[in-house]
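Peer 1: Each chain, written out:
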Amino acid sequence: MDKKRKALCLGVLILIILIIPLFIKDEYYLHILVMSGIWIISALSLNLILGYAGQLNLAQGTFFGIGAYATGLLMQKMGLSFWAALPLGCLLTATIGFVTGLPTLRTRGHYFPIATMCLGIAIYYVIARWDDVTGGARGLFGLPRPDPIVIPFLGTISFESTASCYYLVSFLVFITIVVIHRLITSLSGKRLIAIRGNEDLAQALGINTMRDKVICFTISTFFAGLAGGVFASYMGSLMAENAHFVTSFEMLLNVMIGGVGTIIGPIIGAIFLPLLSEELHFLGGWRLVVYGLILILTIRFLPFGIVGGIRTALAKRHDKRGV
Amino acid sequence: MDEYILEVRNLTKYFGGLKAIDNVSFKINRGEIYSIIGPNGAGKTTLFNMITGFIPPTEGEIFFQGQKINGLKPYQIARLGIGRTFQLTTLFMQNTVLENLLIGQKQTREFPVFHSIMSVKRRRVSQSEAVERAHAVAEFIGLGTFKNTMAAILPHGAQKQLSIGLALSGDPDLILLDEPLGGVDMDEIDMIIELIKKIRDEGKTICLIEHKMRVVMNISDRILALSYGKKLVEDLPEVVASNEDVIASYLGDRYAARG
Ligand SMILES: Nc1ncnc2c1ncn2[C@@H]1O[C@H](COP(=O)(O)OP(=O)(O)OP(=O)(O)O)[C@@H](O)[C@H]1O
Ligand SMILES: [Mg+2]
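So the sequence lines, in the order shown, correspond to chains B and D. When you line the first sequence up against my numbering, it's residues 1 to 323, in that order. When you line the second sequence up against my numbering, it's residues 1 to 259, in that order.
Keep in mind that the hints were calculated from the coordinates and are not lab data. Note that beta-carbon positions come from the ideal geometry of N, C-alpha and C, so glycine has one too. Treat the hints with caution; some may be incorrect.
Some chain D residues judged to face chain B by a derived CB distance under 7 angstroms, without partners named [claimed, not checked]:
id : residue
1  : Pro74
2  : Ala78
3  : Thr90
4  : Leu102
5  : Arg123
6  : Ser126
7  : Gly170
Subject to a maximum C-alpha distance of 20 angstroms in a straight line, what follows is the list of computed SDA-like cross-link-like pairs (lysine to any residue) [said to hold, decoys possible]:
id : chain 1 : residue 1 : chain 2 : residue 2
8  : D       : Lys106    : B       : Gly197
9  : D       : Lys106    : D       : Gln76
10 : D       : Lys121    : B       : Pro103
11 : D       : Lys198    : D       : Asp171
12 : D       : Lys73     : B       : Met210
13 : D       : Lys73     : B       : Thr185
Derived CB-CB ranges, DEER-like [what the hints assert, rightly or not]:
id : chain 1 : residue 1 : chain 2 : residue 2 : range
14 : D       : Ala152    : B       : Phe282    : 43 to 49 angstroms
15 : D       : Lys147    : B       : Gly284    : 39 to 45 angstroms
16 : D       : Tyr228    : B       : Leu293    : 54 to 60 angstroms
17 : D       : Thr149    : B       : Leu314    : 15 to 21 angstroms
18 : D       : Gln94     : B       : Gly284    : 36 to 42 angstroms
19 : B       : His181    : D       : Val125    : 15 to 21 angstroms
20 : B       : Thr107    : D       : Arg124    : 33 to 39 angstroms
21 : B       : Tyr125    : D       : Gly144    : 27 to 33 angstroms
22 : D       : Gly31     : B       : Lys3      : 34 to 40 angstroms
23 : B       : Leu314    : D       : Glu202    : 41 to 47 angstroms
24 : B       : Ala313    : D       : Lys27     : 57 to 63 angstroms
25 : B       : Val99     : D       : Val239    : 54 to 60 angstroms
Put together the whole structure using the sequences plus the hints.
Peer 2: What follows is the structure, given as structure tokens:
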């Protein structure tokens with residue numbers, strides 16, 4: 001019964017997502033939705049390593065940037081189609097994740113966040129200064145949208161319209177959710193939860209914690225690269241700022257405020273916080289101060305974010321009724 | 001098959017200038033309850049940490065089922081068949097009893113990430129096997145009614161039981177228990193003693209660190225007494241209890257004085 005109801009809810013949700021573009025005629029709102037999808041993939045990728053394996057990775061924005069630049073450059077400099085550049089970009093990002101994860105994940109406690117923060121800053125400067133390849137501070141322009149897909153007898157799908165990009169991003173969000181959901185609900189996911197809970201105990205129980213952390217980090221950076229690659233092609237231009245620490249920080253904010261260690265939390269955070277950020281644009285650099293305040297208040301009053309808060313409230317109501 | 005399951009040969013451990021373990025050798029027989037006693041700081045926990053690979057010995061060798069294990073990583077040693085508890089009760093506090101025991105299963109520690117994401121059947125089969133085993137362990141350790149309780153809110157005695165259950169969950173041949181009665185109420189002590197005996201009766205070997213002398217003398221097949229990292233004596237309980245060095249260094253204030 002419960003399973004049936006869940007399936008029904010999911011079906012309705014998918015239907016709503018599919019028909020949204022038929023009702024939203026204003027391109028701007030559709031654009032916001034595409035961006036939400038990209039931030040959802042990013043937030044879910046960060047949540048995998050942070051919320052499940054318990055490793056505070058402060059370079060996720062940088063991996064987003066690596067995926068974006070790799071996909072963009074493969075299209076522009078190598079003339080590859082988006083459909084080849086995107087998977088290659090993701091693989092490259094994941095490879096860099098794997099290689100950098102090997103030394104950094106060996107550390108315990110506060111060293112991993114510090115190590116990843118330094119890594120993020122170092123890679124940002126490489127992107128910002130490597131003029132010949134990345135265009136340096138000027139950025140990268142004129143990146144193509146995904147090539148049209150030809151379906152025999154049915155016609156072609158072009159990605160020039162915002163609506164078509166909306167469907168593409170929705171599809172990738174769907175894939176991301178399925179893969180991450182399967183991973184965390186499996187026995188392998190239990191190992192990640194064990195690592196988050198107590199690494200010594202996990203090892204005493206025969207879990208190869210280093211191996212699992214590295215695999216988790218590699219998958220996590222793969223999806224950050226995916227979000228970045230789609231971003232590059234959709235926006236058509238990239239700035240070094242896209243790989244900046246601030247991007248990592250915004251992702252962290254989405255995850256923490258939505259609800260770390262859940263799937264729905266980062267999705268909620270990734271939908272609503274960018275909207276807020278849009279409203280706060282007039283603040284310029286001061287925006288970061290507001291973000292910092294929001295983060296501190298969340299950690300203080302809603303340690304498990306909006307989702308955690310709702311759960312606690314529901315549990316309380318349930319208890320009251322029970323008495 | 002060897003008669004003994006674990007052999008420690010000339011083990012020495014320095015922490016800087018401190019000699020925590022000083023040239024200690026002993027063998028544990030298959031199927032016995034072997035206890036290690038000694039005053040605070042004698043090096044008992046350090047011995048466990050070396051056997052399970054958490055800290056490297058300065059000198060000496062450790063053999064498990066005839067295989068040299070010093071130099072292996074903790075997870076490798078666990079997979080060979082040594083389970084352990086920690087002196088400070090260590091659990092996955094934010095998870096339920098059942099989730100804790102599920103994490104400890106063999107299927108859990110080895111199931112490949114690739115199959116977790118891609119397969120349907122293998123995933124379901126391993127998962128249901130592991131869950132079934134976790135239920136069985138929960139019943140075995142006497143926490144059947146607490147399966148869905150979060151570890152953090154269990155009473156202290158039940159937490160100790162769960163930590164033993166975790167050490168047991170991967171189905172090891174040798175189980176190292178570091179003060180399983182530490183801080184446990186009188187009425188819960190008997191339950192844990194019964195549990196330890198029950199584990200032995202399952203054919204497992206137990207190495208026990210414990211301060212409660214009455215219990216140690218009753219339950220052990222043999223006892224090793226340590227003091228300042230040195231082996232004082234290793235013998236049957238009644239022999240150890242009457243050893244003068246042991247009485248002087250340890251039992252003097254804890255046991256002999258009372259009796
Ligand atoms: N990681 C470490 N670094 C430095 N010194 C240590 C370390 N672990 C233990 N020691 C020291 O080694 C000695 C033996 O400690 P150990 O914990 O093995 O004693 P123990 O016999 O388990 O004592 P207790 O009965 O209090 O648990 C002590 O003097 C302790 O301070
Ligand atoms: Mg100790």
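Peer 1: Any hints from earlier that this structure breaks? Give me their numbers in increasing order, please.
Peer 2: 10, 13, 15, 21, 22
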